Amino acid sequence: MPNPPPGLSERQFRNALTQLEEIVGREWVFHTDEDVALYRDAYSPLWGEDEERHASAAVAPTSVEEVQDIVRVANEFQLPLYPISTGRNLTYGGSAPVYSGSVVLDLKRMNRILEVSERDKTCLVEPGVSYFDMYRYLRQNNIRLWVDTADPGWGGLIGNALDRGGGYTGTDFRDHFDAHCGMEVVLPTGEVVRTGMGANEDATTWQLFKYGMGPWVDGIFSQSNFGVVTKMGFWLMEEPEVAKQVSITVPRREDAIALVDILHSLMCDTTIPSQTSVSSPVMNGSNDPELVRLRSSGGASDAEWNAYAQSVGRPFWSAGFVLYGAEKVVDSQWEHIRDRMSGIAGVQFNETVTHRFPLTDDEVEAAPNKARFGIPSLNLFGSRNAPGQQPSEGHLDFSPMIRPRGEELIALYDLTGKIYADYGLTPSPAIGMMFHARTMICFHPVPTFRNAADNQRTRALFETLVTSCGERGWNIYRIHAHFQELGMSLFDFNDHALHRLHERLKDSIDPRGVISAGRYNIWPRHLREDDA
Amino acid sequence: MHAAQYTFATDTPEPTSAATATLGVLAVGYLVGSVSLALSNRGKGFASDHAGGRPCKMLSRRALIGNLCVTSALSGLPISAAFAAPSWRPMVAIVDKLLPGAPDMAARYRGARTEVQQFAGDPGKLWLQTIEPQLRAEPAAIAGYTSASTLFCLQYLARDYGLALKAHAQGVGELDAMAGSKSELLDLRDSTYSDRRAAYSWLLAPIRG
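Going down the list, the sequences are from chains A and B.
In terms of our numbering, the first sequence opens at residue 1 and continues consecutively.
In terms of our numbering, the second sequence opens at residue 1001 and continues consecutively.
To be clear, the hints were calculated from the coordinates, so they are not data collected in a lab.
Everything numeric in this text was worked out from a predicted model, so none of it was measured.
We put the CB at the ideal spot given by N, CA and C, even for glycine.
Be careful, since some hints might not be right.
Example chain B residues on the side facing chain A (calculated, C-beta under 8 Å, incomplete) [said to hold, decoys possible]: (1) Asp1104; (2) Gly1111; (3) Arg1113; (4) Glu1115; (5) Gly1124; (6) Trp1127; (7) Leu1128; (8) Cys1153; (9) Tyr1156; (10) Leu1157; (11) Arg1159.
Cβ-Cβ distance ranges computed for the label pairs, FRET-style [stated by the list, open to error]: (12) B:Asp1104 / A:Ala326: 30 to 38 Å; (13) A:Glu363 / B:Ala1107: 26 to 34 Å; (14) A:Pro445 / B:Glu1115: 47 to 55 Å; (15) B:Glu1115 / A:Arg528: 53 to 61 Å; (16) A:Thr352 / B:Ala1137: 35 to 43 Å.
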């Protein structure tokens, strides 16, 4: 049996577990070493080290009432709980608690799709509902709506939204937290609240109008530890008549400036409705010595890079996105986009594929980039299978956010390429993803291992990336559990006034500090160093 | 305390001398036996729920934990005997046709009267349309010939239905090799699996059979 949570004696822990068993049944309380091993962070940068975060037990309720009762027990014993939905977000910490010794509150059994309204284009789900579940439900019931899916699609709608994950389809849907409308939360005291219009039991618009009346509080339940979200509504995208997947290439490194400016403009005026990615076929090529030299240099000139691009015969940048809608509208949008881009010398336009919906099963299977069409897949894993491809290792995501400006994209990868090289690692592929029209998020995989020496280097690399980019104003939008203190430390206006506000909220909403202690560096009073 | 809650397999597999048999023989071994693990789960972990107008899976996490317990119990058995356990009879064998040796492996499974489903790189559709619906109805073993990455992925998905990795080997697996395999989550970063293009034979199975 694992050690009890900090602050609890073995006897207290056993008593608490007994009460949990009375709530959910012995079947659903797990507390052997084998049990809790399932909740380890598979990609932990601390694997096997003393500091690795472990659960002490797990409990899996199936109803809101059971969640309430569990929370009440947690208050009685000051038992730290760590709620998860599907717990598969491996690159950000998976199902392992931030505060080692917490009891994982595993919500996978609460997996009911409570409502889908084709007419209103909304759904209401429980935390255990995965993108796969929702897609299958829509498909089997011939409902012509899309769920914007994370990639891979094994994650849950609620967990991904609460962590502010992103997807690929239309503007209103791919920011998964922004696409939610109304939630139900079990507060740390056990009280249930519904937000937005859900606070009015007669309202017919819980999944249609976000704000209700008075302060809108939904945001405090994301990337936080102020409650256990047990229901969330989401907006679903109407299946378009067609979807045209296209790409645009430009030949020179400095073309990134014009390319990104125009993309930004076209996204803000909604001509481009989808997530837009800008990557570099040159920088992401196979690692020949000259490419290694350029990427490690920290600032090779445009002339050097362009000469290299010419030598390998590739365009420097490639932008990819999808146009959704009626075919005539999509064709007009594409024509307008080409007009806007035509001033860039050497620009090329490519139509990858045009899908007409609904797709047959065979077309679904054959579709590349499935997530761009609302189809969850395991392709991020499966793509590693193709002979000749070199898949990545287990990794963390370092995901700085920059302004949508080509010069910042270049400067970012100059900086991070050198940092990776300084740590003896191959620089990250260069890609800027516009989940939001007004920012670029630039994912950098940072490899993790199962030996302490390599992971020590990984952690040092990650910390250097965070601080170096932070110094330039390129903060991350989301961060692995182990680095949340570091990530939050960058938000330091007025001597970390925001952090103090978070702590005041925590003390008020969760006075016993039982929910997700330490998540995003929000610690309950009894665990804060300054109050210790 | 968990052991008291479970009815582990009582039909102890007959040891055989087929320690050097190939997976084809192994697959034949799946067909031996009559008591299904799945039966022992009925009325416990799996149920139907029509909330929202659809049957809703109820995850048998308990069965999952049981998997780990019995893995230890089986570790001393000759692997050929272990594979004869009825709960290790696969409902389907999935084969990644992009991998070298895939046709041979598919033929071996078919020769053992095991349904073969092939895919190309992404097992998502197979999971969504074939494997998960069957697991929801009744947990049963899955055999496979895939990359280590796909196996890693399927391990995560299948563990919510009470399946755990029982055996694996690189290439067209020999029983001997699989006998020494680990039963926990496959560690992709283990140097053993450093060649991501390599194919692996494996079996995910419920343990309480």
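Contradicted hints - numbers only: As far as the earlier hints go, 1, 2, 3, 4, 12 and 14 are violated by this structure, in ascending order.
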